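Asker: Letter by letter, the chains look like this.
Protein chains: 2
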Amino acid sequence: MVDRRLAWAAAFVAALFVSEAAGADERVAPVRALPTPVDLSPQMRALVDRPVPLNYNEWPKTTEEWAARQSASRASGEKLATDMAARLHVKISTSTMGGVTVFDVLPETVAPENRNRLLIHVHAGCYVVGGGPGATVEAMLVASFGGFHVISVDYRMPPAAYFPAALDDVITVWQEALKTYKPSQMAVFGSSAGGALTLEMVLRAKQLGLPLPGAIAPGTPMADLTGVGDSFATNAMIDNVLVSRDGFCDPGAQFYANGHDLRDPLLSPVYGDFVGFPPAILTTGTRDLLLSNTVRVHRKLRRAGVEAQLQVFEALSHAQYIRDDTAPETRDVAKEIAAFFDRHLSN
Amino acid sequence: MVDRRLAWAAAFVAALFVSEAAGADERVAPVRALPTPVDLSPQMRALVDRPVPLNYNEWPKTTEEWAARQSASRASGEKLATDMAARLHVKISTSTMGGVTVFDVLPETVAPENRNRLLIHVHAGCYVVGGGPGATVEAMLVASFGGFHVISVDYRMPPAAYFPAALDDVITVWQEALKTYKPSQMAVFGSSAGGALTLEMVLRAKQLGLPLPGAIAPGTPMADLTGVGDSFATNAMIDNVLVSRDGFCDPGAQFYANGHDLRDPLLSPVYGDFVGFPPAILTTGTRDLLLSNTVRVHRKLRRAGVEAQLQVFEALSHAQYIRDDTAPETRDVAKEIAAFFDRHLSN
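One line per chain: the protein sequences are D and F, in this order. Residue numbers for the first sequence follow this note's numbering, so the first one is 317 and each next one is one higher. Residue numbers for the second sequence follow this note's numbering, so the first one is 317 and each next one is one higher.
The following block holds chain D by itself, in its conformation from the complex:
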C-alpha cells in the first residue's frame, strides 16, 4: 500500500508539469479519486463503478476491422435484447418500411390513449455499431414502461453505406409512417448517435418540407463532431462508457461521415436551426462525456423558443440510463419520456 500523502504529492507535482506544458493561459484539473457515488440504485452503482476499459482507445483502423467490430456488437446486442424482451414481456418482429429494415416492438398492452400513436426509435452506436436486434433495447423500455407501439429503425451503416444513408433511412420510415398516422400522433427518439439522428431527422424534414413529429426525445445526442463541448475535457476518463475523445466513437462517426464536412448540421446538429422544432425532452448524466453537448442543445432549443425539458442523472456516464432495465433510474427515464410524449402527442 502506497502512502496516501506521498501519492497526492506526486499528483501535485505532475499537475505542475502539465500546467507548465499546457501553457500559462490554460487551466489544469489535478488527479482525483472517484469514490463510489452514494445516491444511486445498486444496479447503477455497479455500472458506475466499472473501471475504464483498458482497450478503450483501440479502435478499428481498416474497413475489415470495423466490420468485425460491427459483427461482435451485433451478437452481444442480440443476447441483451432477447433477455430484456423476456423480462419486459415485449414482442419483437422484423419487417421493412419503404425498403428499410425495422423492428416492430409491441408491449403486452398498448395503453388506450396510445392506440392511434406510434413512436419511431433510432438506435445508438456511434453510427457504426448497435444494429440488428440489439437496436431495440431503448425502444423496449419506452414500449414497456409507457405502453407504446414502437418502430425501431435498423438503419444502414458503414461499410455497407455512408452518410447520409442512416438519415435517409430514418426519413424513409417517417414518410412511410405518415401514410397511416398523423405527424402529431408520432414522436421520434433515440440516444447517442440515435439522439443526433433524431435531431438531424427534424432538420432534414424541415429542409424537405415534410411535417414534423409531435415530440422528440434526443438522449445524450452526439450533437457536435467537431470537438467542441467542455465535458470532453472535464469528464474525460471519468465517463467509463465513451471514456474520452480518444475512444472509438468519434472515429466511428468519421467513418460514417466519409470525408463529409463534420460541421454540417446533418452530422453536428447543434449547428442547425432549431426554430419550429417540436417539444423535446433530453437526458444525460453528470459523468457523461456528452453532458456539455446535451445541455448545449437544450439551451439552443430554448433560445429558439422550443419547449425543451432536460433531465440529468446523478453520476451516470454516457447513455448508461438504458443499460439495465431493472434499475429504477432506467424506469424513471423511460417513464419521463413516455409521459412527455403523452402530454404532447394527439390521440
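Derived by calculation from the structure, the hints in this document are not laboratory data. Predicted, not measured: the structure shown is a model, and the values here were computed from it. Hints may be right or wrong, so weigh each one.
Note that identical chains are pooled: a pair holds if it fits in a single copy or bridges any two copies.
Lysine to aspartate or glutamate pairs mimicking DMTMM-like chemistry, simulated, CA-CA at most 25 Å apart [as the list claims (entries may be wrong)]:
| id | residue 1 | residue 2 |
| --- | --- | --- |
| 1 | 377 | 566 |
| 2 | 651 | 589 |
| 3 | 407 | 652 |
| 4 | 407 | 577 |
| 5 | 377 | 577 |
| 6 | 651 | 640 |
Since chain D is already given, all that's left is putting chain F on it; use the hints.
Answerer: For chain F alone, coordinates are given in the frame of chain D:
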C-alpha cells in the same frame, strides 16, 4: 517549457500512485488540461478561465475571523450592487418586514401582468457572507429582465444568529407578505445557500401549515451538507468558485448549523419530503461543484410528482450565472426564471 509528453507521463505515474493509495475498489480520474470552452460569451469565458484562487482552502477558524470575512464580503458586495443597479436601472430601498431587514428592488417598469405579483429573493453566501446591499444582485437581474417587484431578505447570519435564524427570517417575511398578496401571486428564489433556503422555506411552511408560494427557483442549492453528491469529486478543482469541499463554503454552513444535525432537511433539504411542492425551475452549470446536488433535487422533485424544470449552462462553475449582468447567459437565466414565474403565478 516542459515537454508535453514528459508532463503527461509524470501525470500517468502519479495516477498510478493515487490509484494504489485509493485502493483497488476506487476509481481515479487522471490530471487533465482544461482548454478554454468555445461555446460561451466572451464575458463568461473570462469568468470560466479564471484560475482557482490560491487561498481557496484558507477559511476562517474563529468567530472573529468569520466576522472579518463577513465585513469584507459586505463591502465588495455593496460596490457590485451599486454598479449593477446603475446599469440595470433598478431602484433599491431598505425597510423591514416583521422586524427583518429587507431590500425593496424595483425595476424601471413593473410589467402590467406583474402588478399584483411579488417575488421574494434569498441571497447566496454559504449562510455566512453575501449580506447587505450585495444581497440584491440576483434580485436585480430578475427584477430588471422580468419586470418584477422583488423583495430581497437580508436574513441574520452567524455570529449574530445561528440556525434556524436565517430560515426564521425568510418565514417571517413570507408571513408578512401573505397579509398583502395571495400565495399564488408570489414566488421565492435564490442561489446556493439562497437556493437551499428556498427549499427549506417550503419544507418549513409545510410543517407550519402555511400556504406555499406559486412557484420557486432554487438555483444550484446547497441541498446536502453531508458530503453526498458525486460532483464534489468529479468537479473538484474544476469549479473555480467553490473549488472543492475543502473550500470555505461547507465550514461556513457548519458555522451556521452550530452543532445541529446536518442531515436535518432544514439544513440539507434534499432529504426533505417534496410532495406538494410548487412548480420549480433549477439552474446549474456543467463545472458546478453542486451539479450533482442540483440534479438530485430535480430528480427528487420529479419523483414526488412536482413540475420541475432544469437548466444547465455549458462550462459554468457554481452560481457563475449571476456574476455578470452583461453576459447573455446571465440574461437567459433571469429571463427563463421570469418566464417560468409568469407561467405559474396568478395575476
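Asker: Of the hints given before, which are not true for this structure?
Answerer: 4
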